[in-house]
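Chains A and B are the protein sequences, given in the same order. Residues in the first sequence are numbered from 1 upward in steps of one, following this note's numbering. Residues in the second sequence are numbered from 1 upward in steps of one, following this note's numbering.
Keep in mind that the hints were calculated from the coordinates and are not lab data. These figures come from a predicted structure and were not determined experimentally. Honestly, I wouldn't trust all of these hints.
[Said to hold, decoys possible] Below, computed lysine-lysine pairings styled on DSSO-like, alpha-carbon distance capped at 27 Å:
| no. | chain 1 | residue 1 | chain 2 | residue 2 |
| --- | --- | --- | --- | --- |
| 1 | A | Lys16 | B | Lys14 |
| 2 | B | Lys112 | B | Lys124 |
| 3 | B | Lys78 | B | Lys185 |
| 4 | B | Lys124 | B | Lys185 |
| 5 | B | Lys112 | A | Lys51 |
| 6 | A | Lys146 | B | Lys71 |
| 7 | B | Lys78 | A | Lys37 |
| 8 | B | Lys124 | B | Lys174 |
| 9 | A | Lys37 | B | Lys71 |
| 10 | B | Lys174 | B | Lys133 |
| 11 | B | Lys78 | A | Lys146 |
| 12 | B | Lys133 | A | Lys51 |
| 13 | B | Lys78 | B | Lys25 |
| 14 | B | Lys14 | A | Lys237 |
| 15 | B | Lys215 | B | Lys25 |
[As the list claims (entries may be wrong)] The following residues of chain A were derived to be distant from chain B, with all beta-carbon distances above 12 Å:
| no. | residue |
| --- | --- |
| 16 | Ile23 |
| 17 | Gly234 |
| 18 | Leu262 |
[What the hints assert, rightly or not] Among the chain A residues that face chain B by a calculated CB cut under 10 Å, a handful are:
| no. | residue |
| --- | --- |
| 19 | Pro43 |
| 20 | Glu124 |
| 21 | Ala141 |
| 22 | Ile142 |
Cβ coordinates follow ideal geometry from the N, Cα and C atoms, glycine included.
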Amino acid sequence: MARRRLSYTYQLSLEKRITEFFIMIAGLWTFSVQFFKYVFVPPYEVYEVRKHMNELGIRTFPIVSVTGFIIGLVVAMQTQPVLARFGAESNLPGSVGISIVRELGPVITALIFAGRVSSGIGAELGSMRVTEQIDAMEVGAINPFKFLVVTRIFACTFILPVLTVYVIFISLFGAYVAVLLVQNMTFEFYLGSVLKSVEFGDAIPGILKTFVFGFIVGVVGTYKGYTTTNGTEGVGKASTTAVVVSSLLILIFDMILVKITLWLWPTV
Amino acid sequence: MLRIQNLSKRFNSKVVLDDVSFEAKDGENLVILGRSGTGKSVLLKCIVRLLEPDSGQIFIENKNVLSLNIKELNELRKQIGFLFQSAALYDSMSVRHNLEFPLVRNFEFTPKEREEKIVSVLEKVSLLEAIDKMPSELSGGMRKRVGLARAIITEPKLMLYDEPTTGLDPITSKEISMLILELQKSLKMTSVVVTHDLLCAEIIADRAIMLNEGKIIFDGSLEDMTSSNDEFLIQFFKHEILNKSETTNV
Ligand SMILES: Nc1ncnc2c1ncn2[C@@H]1O[C@H](COP(=O)(O)OP(=O)(O)OP(=O)(O)O)[C@@H](O)[C@H]1O
Ligand SMILES: [Mg+2]
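Extracted from the complex, chain A is given alone in its bound form (with noise of 0.2 Å):
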């Protein structure tokens, strides 16, 4: 009796899930098309971008530099080994410079960012929805949407990428440092052989590709926060979907970005 219960409450949450799940899909295909829409309007929130540029940037700082240095350590000591069993040992800068470039570098950075940024703006958001200070603005004549989350996802895009460049340039260091361990090698010379490896067609595909990813932040979080409802309960899940939600999103992202980049620009 007991264990019916149980499967029949299962059956209706999953039910209820996967109708959930339709309706965030259309309602972030419909933010990103609202954000569209509204971005080209005047006025301009300059303020506004600026302002949340920054707190964005200086929230995240601090975490992604840590984690892009072990990265780049950690990545060179596992390579380090594996190409010394080839005899290819001189490579190692180039290769581990490549994968930082083209993919670590980029979807760490984002899914970092995703963690600490997606979960604020949900919070954020979810706290003025259930507070009514959304709806302040509305019947002040202010557009809440434009104001509150075109300028937040218009943040995101444009700021993901200043950080993944920063990011790259840290964990090519602590690739470096890593190599210092076990050979003598100038830092000219190590930089000089990165840059010899690493090509225009490897790094401009891995920057692009985080703008895509820092709008995917902005729009997850903020489609998580403005929609938010059933009180300070309500705004806790919506900022840890935000995180589980736009991660996934990323990854998925970076799956057909790659796809489409080795079709656009095969290497060989």
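Put chain B with the ligands on the given structure of chain A with help from the hints.
Using the frame of chain A, we list chain B with the ligands on its own:
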């Protein structure tokens, strides 16, 4: 000024407003009374279209509110002030910026005019000393008064107050009621005031409406309402008067 016809609103299967009709004339102070959870806040939110009613019509200055597009609606909203039950201050902004926000966005005042307006409304709600505080540093009653200041700073023609005096001490509560009365006189404002506070109702009401279970069960003068023989009204005011004597005893 404001006319509401056959307004109904449901949430899922729960009927909150059921065929509500009433009118507020130019410059009138209309008080809406009713027990907790009968849909008073929902009614106010329907008037400004924060909630879409299921059926019925709303007219403000002969404009059919429910048929306006978003641009026309925003023009209309600039002439309406709304005090939220929770005050709804923007908690990322200081008191000054909260008050400045609607002025900067929707009107063309010089910085000096804005500053004068901010100071003058804060004086009206006796909170000038809190001008640079953040909302989190204010007490509940102070927040309410800042919310009131923010709503009246644009000098709207129609003010909707959702429980303006709840959570205030009797003296401040009386001051706020007097302020509402004064605004009506000086700015010829029309006000719809939702309240539980009988003292406040007595001070400001030109007319009073009693809402119960989504229906209007009385519409007339406050004296008539308090002296009515209706079973529900007798019960309602008996408790109010009991409450009042309790607070005065304390
Ligand atoms: N967004 C909503 N979704 C579902 N139900 C709601 C919603 N808003 C209000 N209700 C329901 O509508 C009813 C009326 O709520 P309302 O807030 O208007 O009460 P009220 O008369 O203002 O009470 P109070 O004096 O306590 O403020 C309540 O039963 C509430 O549960
Ligand atoms: Mg209410």
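Hints and how they fare:
1. A:Lys16 to B:Lys14: holds (21 Å)
2. B:Lys112 to B:Lys124: holds (19 Å)
3. B:Lys78 to B:Lys185: holds (20 Å)
4. B:Lys124 to B:Lys185: holds (14 Å)
5. B:Lys112 to A:Lys51: Measuring from Cα to Cα gives roughly 25 Å; hence the hint holds.
6. A:Lys146 to B:Lys71: With Cα atoms ~14 Å apart, Lys146 (chain A) and Lys71 (chain B) stay inside 27 Å; holds.
7. B:Lys78 to A:Lys37: holds (24 Å)
8. B:Lys124 to B:Lys174: holds (13 Å)
9. A:Lys37 to B:Lys71: holds (16 Å)
10. B:Lys174 to B:Lys133: Roughly 25 Å separates the two Cα atoms, so the pair holds.
11. B:Lys78 to A:Lys146: holds (18 Å)
12. B:Lys133 to A:Lys51: Given pair Lys133 (chain B), Lys51 (chain A) holds - Cα atoms ~20 Å apart, limit 27 Å.
13. B:Lys78 to B:Lys25: Answer holds: Lys78 (chain B) to Lys25 (chain B) is near 19 Å, not above 27 Å.
14. B:Lys14 to A:Lys237: holds (26 Å)
15. B:Lys215 to B:Lys25: holds (21 Å)
16. Ile23: The claim stands: Ile23 (chain A) keeps its Cβ more than 12 Å from every Cβ of chain B (closest is about 16 Å).
17. Gly234: The assertion about Gly234 (chain A) holds, with a minimum of 16 Å to chain B.
18. Leu262: Answer for Leu262 (chain A): holds, closest chain B Cβ roughly 44 Å.
19. Pro43: holds (9 Å)
20. Glu124: Holds. Min distance 8 Å.
21. Ala141: holds (4 Å)
22. Ile142: With a closest approach of 5 Å, the Ile142 (chain A) hint holds.
The structure shown violates none of the earlier numbered hints.
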